[in-house]
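Trainee: If you want the building blocks of each chain, they are given just below.
Protein chains: 2
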Amino acid sequence: MSAQRKVFFVSDGTGITAETLGGTLLTQFEGVEFDKTTLPFINTPAKARVTIEYIDHIADSSGARPIVFSTTVNEEVRAILRTGRALFMDLFDTYIAPIEGELGQKSTHAQGRAHGMANAGRYQARIDAMNFAMEHDDGQSSRELARADLILIAPSRCGKTPTTLYLALQHGVFATNFPLTEDDLEGLRLPKALQEERSKLFGLTSDPERLMQVRSERRPGSKYASLAQCAYELRQAERLYRRFNVPFVNSANMSIEEIAAVVMQEKELRRQ
Amino acid sequence: MSAQRKVFFVSDGTGITAETLGGTLLTQFEGVEFDKTTLPFINTPAKARVTIEYIDHIADSSGARPIVFSTTVNEEVRAILRTGRALFMDLFDTYIAPIEGELGQKSTHAQGRAHGMANAGRYQARIDAMNFAMEHDDGQSSRELARADLILIAPSRCGKTPTTLYLALQHGVFATNFPLTEDDLEGLRLPKALQEERSKLFGLTSDPERLMQVRSERRPGSKYASLAQCAYELRQAERLYRRFNVPFVNSANMSIEEIAAVVMQEKELRRQ
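The listed protein sequences derive, respectively, from chains V and R. Per the numbering used here: the first sequence ends with 464, consecutive numbering throughout. Per the numbering used here: the second sequence ends with 464, consecutive numbering throughout.
Keep in mind the hints are simulated off the structure, nothing from the lab. Hints are supplied without guarantee of correctness; some may be wrong.
Any copy, or any two copies together, can satisfy a pair, since identical chains are not distinguished.
[What the hints assert, rightly or not] Think about it this way: if two alpha-carbon atoms lie no more than 27 Å apart in a straight line, the pair counts; the simulated DSS-like pairs of lysine-lysine are:
1. Lys298 x Lys198
2. Lys392 x Lys228
3. Lys198 x Lys459
Remember, predicted model here, so these are calculated numbers, not experimental data.
All chains, please: the whole structure from these sequences, using the hints.
Mentor: Have a look at this one:
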C-alpha cells in the first residue's frame, strides 16, 4: 500500500457528481491518504488527451496507478480517458445501460446537464430561496414569513443559519430561522412573529458542552458561553418545543447535511 | 413507456450521494417524468424491510418497476433492499470491489461517513467559512479581509452572494465578495479595501439583457434595472477587470455550481 494515492474526478461539467461518488467510496478506506484533484469541463477529445497525458505522467512518477472517477457523457471523450494508466471508474459505463433497458429508451448523451442551467425553473427557485434565507436570517425581518416553508428555531449557535442556507441553496426550500431570546426561553413563549406560523416550525437543540465549545470560540469567557447558561437555554428550549409540539432534533453530533435530511423528512418538504 | 416513473434514493446516511448519482443519470432521459423520493437513514434490517414493503407496494400500484439508487454500506441491509421489485442500482455493489483490489485492502463498511461529522476538521472549516461569508457579504465588513482566500467582485446581481455561500458551505473556501459601486465603475478604480488584496480577486460579469431581467424582478422600472444602466455597468466592470488583470467569467448562462467550479480552477483553490 502506497503512502498517498492520487485520485482524479473527471467530468465534462462541474465535477460535482464525480466528487460526490468518488468521495463517498473513498471514505470506506482508512489509512490511505488520497490526494484528490477535480478536473472539470473535460468536454472535447483534445481536452481528454491532455488529461490522459497528465494522469499518465502522475502514474509514472508516483509509482501507483491513479484512481479516476469519471462522469463524462461523450463516448469519444470517454474512450480516450479509458486509455490512461489508471483504475478508471465511469458512472455512465456502469449504470446507463440498465436504465435504458428499464425505460425502453436511449439516453440523450447531453453534456453538463446535472449541475448546469438545464432546469431554469429549479435553478431560479434555489436563488429565490437563498435570497429569502439571507434577508430573513436570524429573525432580521418578519416580512413575508408567510412565504416560508420552514422556520428553524433554536438558541444561538445550534446550527440554524448553516442549515437554512444549505436547504435553500441545495434544495430550493424557502427556509428561514428565528432566534429564541432570553425572554422567550424564560417565559416559554414563542416569538410573536411566529405565532401564526406554528406548523412551519422545527427546533434545534444541542448538548451543553458542545454549545459551550461553539460559543466560546466566538466570545470566550462570557456568560453567553458558560456551561450554566448553555445548559439553561437548551433545557428551556426543549421545554418550549414540547409545550408547542414543535418537532426538534439534537444537532450536537450532526453535520449540516444530516440536520437538513432530518428536517426535510420530518416536515415532509420536497426538493425543488 | 409509463407516464411517471417512481425513483427512490435509499441510503443509510443523508441520501445525498444517492440523489447526486441518480439525479445525474436521470438527466440523460428526456420525456420521462420521474417522481423522486429520498429515504435517508435506512441503517437497520428492520428499516430495510419497511422500505421494501413500501417500494413493492408502489411497484404493484403504479404498474412500473421503481428505480432504486442505493448507497447503503451494510451488507445485511443491502441484501434485503435487493429483494424488492425494483431496478436496484447500488453504488457499493459496483465500485467497492475494484477499489479494494487496487488498494489491496478491504473497505471498512462504516455507515454515514460521506456526509456526517467523520472529518471534524473539514466540517469546522466549512462552518467557519460560512460564518466568514455571512459577515463579509457584499462588502459589509472589511475586517479580516486578509483572511479571505477569494474575493468576488461584480456589479449588483451578477451572482456574487450565492457563489460565495456555495464555495463556503460546499468546499470550506474562505470566500467573500465586494460590490463595485458607481464611483468604482466610473473611475475604473478598485474599492480601497481591496487594493492590498488584488491577488485574491475574481470578477463576474453578465449579459445586459440577463442582468436587466434579474434586476427587474427586484426593482421593476427602476434606472437600476434599465438595459442602458446594466450595459454600462457591465462594460465598465470588464474594463476594470482588464485594467487590474482580474480574471473574470460571464455568469449569464452559468449555474452557481458552474461558476464555483470555474473560480476554483482559475484561482487554484483547494477544497477543505
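Trainee: All hints, please: hold or fail.
Mentor: So, going through the hints one by one against the coordinates:
no., hint, in the structure
1, Lys298 x Lys198, "between (34 Å within a copy, 18 Å between copies)"
2, Lys392 x Lys228, "between (40 Å within a copy, 23 Å between copies)"
3, Lys198 x Lys459, "between (41 Å within a copy, 21 Å between copies)"
Taken one by one, the earlier hints all hold for this structure without exception.
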